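Here the protein sequences come in this chain order: E and R.
Just so we're aligned: 34 in this note's numbering is position 34 of the first sequence, and the numbers increase by one with no gaps anywhere.
Just so we're aligned: 64 in this note's numbering is position 64 of the second sequence, and the numbers increase by one with no gaps anywhere.
Don't read these hints as lab results, they were simulated from the structure.
None of these values were measured; they are calculated from a predicted model.
Even for Gly, the Cβ is constructed at its ideal location relative to N, Cα and C.
Some clues are possibly wrong.
Quick look at which bits of chain E chain R covers, simulated, 3 or more residues with Cβ under 8 Å [unchecked claim]:
(1) 19–25
(2) 46–59
(3) 62–76
(4) 82–90
In silico DSSO-like cross-links for lysine-lysine, where the CA-CA straight-line distance does not exceed 30 Å [claimed, not checked]:
(5) E:54 with E:18
(6) E:114 with R:89
(7) R:177 with R:93
(8) R:92 with E:112
(9) E:114 with R:170
(10) R:170 with R:93
(11) E:54 with R:170
(12) R:24 with E:61
(13) R:177 with R:31
(14) E:114 with R:93
(15) R:28 with E:18
(16) E:48 with R:28
(17) E:54 with R:171
(18) E:54 with R:89
(19) E:18 with R:170
(20) E:48 with R:24
(21) E:61 with R:31
(22) R:24 with E:54
(23) E:54 with R:82
(24) R:31 with R:171
(25) R:89 with R:177
(26) E:114 with R:171
(27) R:171 with R:89
(28) E:112 with R:93
(29) E:61 with R:93
(30) R:82 with R:93
(31) R:30 with E:61
(32) E:114 with R:82
(33) E:112 with R:89
(34) R:170 with E:112
(35) R:92 with R:170
(36) R:177 with E:61
(37) R:82 with E:61
(38) E:48 with R:92
(39) E:48 with R:89
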Amino acid sequence: MPWIIQLCIITGFLLLGKFFGTIFHLPIPGSVIGMILLLGALIAGLAKLEWVEKAAAFQIKHLTLLFVPLVIGLFLSPNLIPLFDWSFIAALIVSSLCCLLGTAFSVEWFEKRKRRIHK
Amino acid sequence: MISLLGSLVFCMASTIICYMISLKIYRKYKKNWLNPLYTSTIFILAFLLLFHIPYQAYQQGSFIFEQLLQLSIVAFAVPLYKQWPLLMKNFKKIFSGVLAGTILGILSVFLMSQLFHFNHEVLASLIPRSVTLPIALSVSNGLGGATTITVFFVLFSGLFSVICGPHLLKKAGITSKAAKGLAMGTSAQMLGANRSLLWGDEEGALGCIAMTTSAIFLSVMLPLLLILI
Numbered sequence: 001m002p003w004i005i006q007l008c009i010i011t012g013f014l015l016l017g018k019f020f021g022t023i024f025h026l027p028i029p030g031s032v033i034g035m036i037l038l039l040g041a042l043i044a045g046l047a048k049l050e051w052v053e054k055a056a057a058f059q060i061k062h063l064t065l066l067f068v069p070l071v072i073g074l075f076l077s078p079n080l081i082p083l084f085d086w087s088f089i090a091a092l093i094v095s096s097l098c099c100l101l102g103t104a105f106s107v108e109w110f111e112k113r114k115r116r117i118h119k
Numbered sequence: 001m002i003s004l005l006g007s008l009v010f011c012m013a014s015t016i017i018c019y020m021i022s023l024k025i026y027r028k029y030k031k032n033w034l035n036p037l038y039t040s041t042i043f044i045l046a047f048l049l050l051f052h053i054p055y056q057a058y059q060q061g062s063f064i065f066e067q068l069l070q071l072s073i074v075a076f077a078v079p080l081y082k083q084w085p086l087l088m089k090n091f092k093k094i095f096s097g098v099l100a101g102t103i104l105g106i107l108s109v110f111l112m113s114q115l116f117h118f119n120h121e122v123l124a125s126l127i128p129r130s131v132t133l134p135i136a137l138s139v140s141n142g143l144g145g146a147t148t149i150t151v152f153f154v155l156f157s158g159l160f161s162v163i164c165g166p167h168l169l170k171k172a173g174i175t176s177k178a179a180k181g182l183a184m185g186t187s188a189q190m191l192g193a194n195r196s197l198l199w200g201d202e203e204g205a206l207g208c209i210a211m212t213t214s215a216i217f218l219s220v221m222l223p224l225l226l227i228l229i
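All chains should be modelled from the sequences, with the hints used to inform the complete structure.
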């Protein structure tokens, strides 16, 4: 399928997600609802992988491009310098550590427990 | 109207051209620090400053990229679908690990916020700091955070996790492939998923799954967070 139609299908799912979010008053971002709908459609076989595969791969490959304007906005913002506050940095480091080690230890614990059950 | 159209064209053209140049440089020299995100940012900043172009001219046109970012979130259904068998096979492990990491991260943010008396805007921007940027932005918008602060927090924690993460995991005695991949994907999103690919295919695939699932968890938790915050 030509990639322009693939892009239209992905856009359709985005709009569908936003529409669902509005009518059911979901506070979840419309784009995430759209992704879940597309995933559901793919799993249920309602949509074929070939319908969206090329456009999706292209978008994800060049995701970095879409971040560039945001990073530039950050650099040119007058709020940048005050963000290097030690309390923010401390909060970021502590929460990153909790997230990283929390995931790693719970997965490790889960695997050990499973092994013990198998024995 | 004309000025809006003009800045839209200017913003798109300059960003895409700078990105393409950066990508060429990256592909030629293949160095990690030449990541197109850094080099194209430097190119555009230099371009704006050199020709004394007001930043507003660029910023006005950048809304188009925010729309495209939303589209790319939908596109993440495709890699998730491709890894669906792997996800189902390790469902409990992935679910418990990613959920534990995400919740611990949010709890620590709440604790630190109590400790340092952060205001509401900062707290709302801190909560989504571990998930991939497009989703972090929509979550932080929903909670009442600010875009620039969220971008800074997401980039900082991503870079911190990807630089210190592998070393810390080794120090902590984590040897399991799944634990390493999932931890990097949950805490350092895209950067972490890329880093875990260096360990191997299984770690990389799990890192990618962790990045997407943790982002979905956080967006689904948004109603709950709105009550708590």
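Evaluated hints:
1. 19–25: Our answer is that it is violated, as 0 residues pass the Cβ test (under 8 Å) against chain R, missing three.
2. 46–59: holds (count 7)
3. 62–76: holds (count 15)
4. 82–90: holds (count 5)
5. E:54 with E:18: Since the Cα atoms of residue 54 of chain E and residue 18 of chain E sit roughly 23 Å apart, the hinted pair holds (cutoff 30 Å).
6. E:114 with R:89: holds, 14 Å
7. R:177 with R:93: Given pair residue 177 of chain R, residue 93 of chain R holds - Cα atoms ~12 Å apart, limit 30 Å.
8. R:92 with E:112: holds, 13 Å
9. E:114 with R:170: Given pair residue 114 of chain E, residue 170 of chain R holds - Cα atoms ~22 Å apart, limit 30 Å.
10. R:170 with R:93: holds, 20 Å
11. E:54 with R:170: It is violated: about 37 Å lies between the C-alpha atoms, which goes past 30 Å.
12. R:24 with E:61: holds, 14 Å
13. R:177 with R:31: OK: residue 177 of chain R and residue 31 of chain R at ~25 Å, within 30 Å.
14. E:114 with R:93: Distance ~10 Å between residue 114 of chain E and residue 93 of chain R Cα, so the pair holds.
15. R:28 with E:18: violated, 41 Å
16. E:48 with R:28: violated, 36 Å
17. E:54 with R:171: violated, 41 Å
18. E:54 with R:89: Status holds; Cα separation ~26 Å.
19. E:18 with R:170: violated, 43 Å
20. E:48 with R:24: violated, 33 Å
21. E:61 with R:31: holds, 18 Å
22. R:24 with E:54: holds, 22 Å
23. E:54 with R:82: The hint holds at about 13 Å.
24. R:31 with R:171: This hinted pair holds, its Cα atoms lying about 26 Å apart.
25. R:89 with R:177: holds, 15 Å
26. E:114 with R:171: holds, 24 Å
27. R:171 with R:89: holds, 29 Å
28. E:112 with R:93: holds, 11 Å
29. E:61 with R:93: holds, 28 Å
30. R:82 with R:93: This hinted pair holds, its Cα atoms lying about 19 Å apart.
31. R:30 with E:61: Holds, because 16 Å separates the two Cα atoms, which is no more than 30 Å.
32. E:114 with R:82: Distance of about 26 Å is within 30 Å: holds.
33. E:112 with R:89: Since the Cα atoms of residue 112 of chain E and residue 89 of chain R sit roughly 17 Å apart, the hinted pair holds (cutoff 30 Å).
34. R:170 with E:112: Roughly 18 Å between the alpha carbons, so the hint for residue 170 of chain R and residue 112 of chain E holds.
35. R:92 with R:170: With Cα atoms ~24 Å apart, residue 92 of chain R and residue 170 of chain R stay inside 30 Å; holds.
36. R:177 with E:61: holds, 25 Å
37. R:82 with E:61: holds, 16 Å
38. E:48 with R:92: Holds, at about 27 Å.
39. E:48 with R:89: holds, 22 Å
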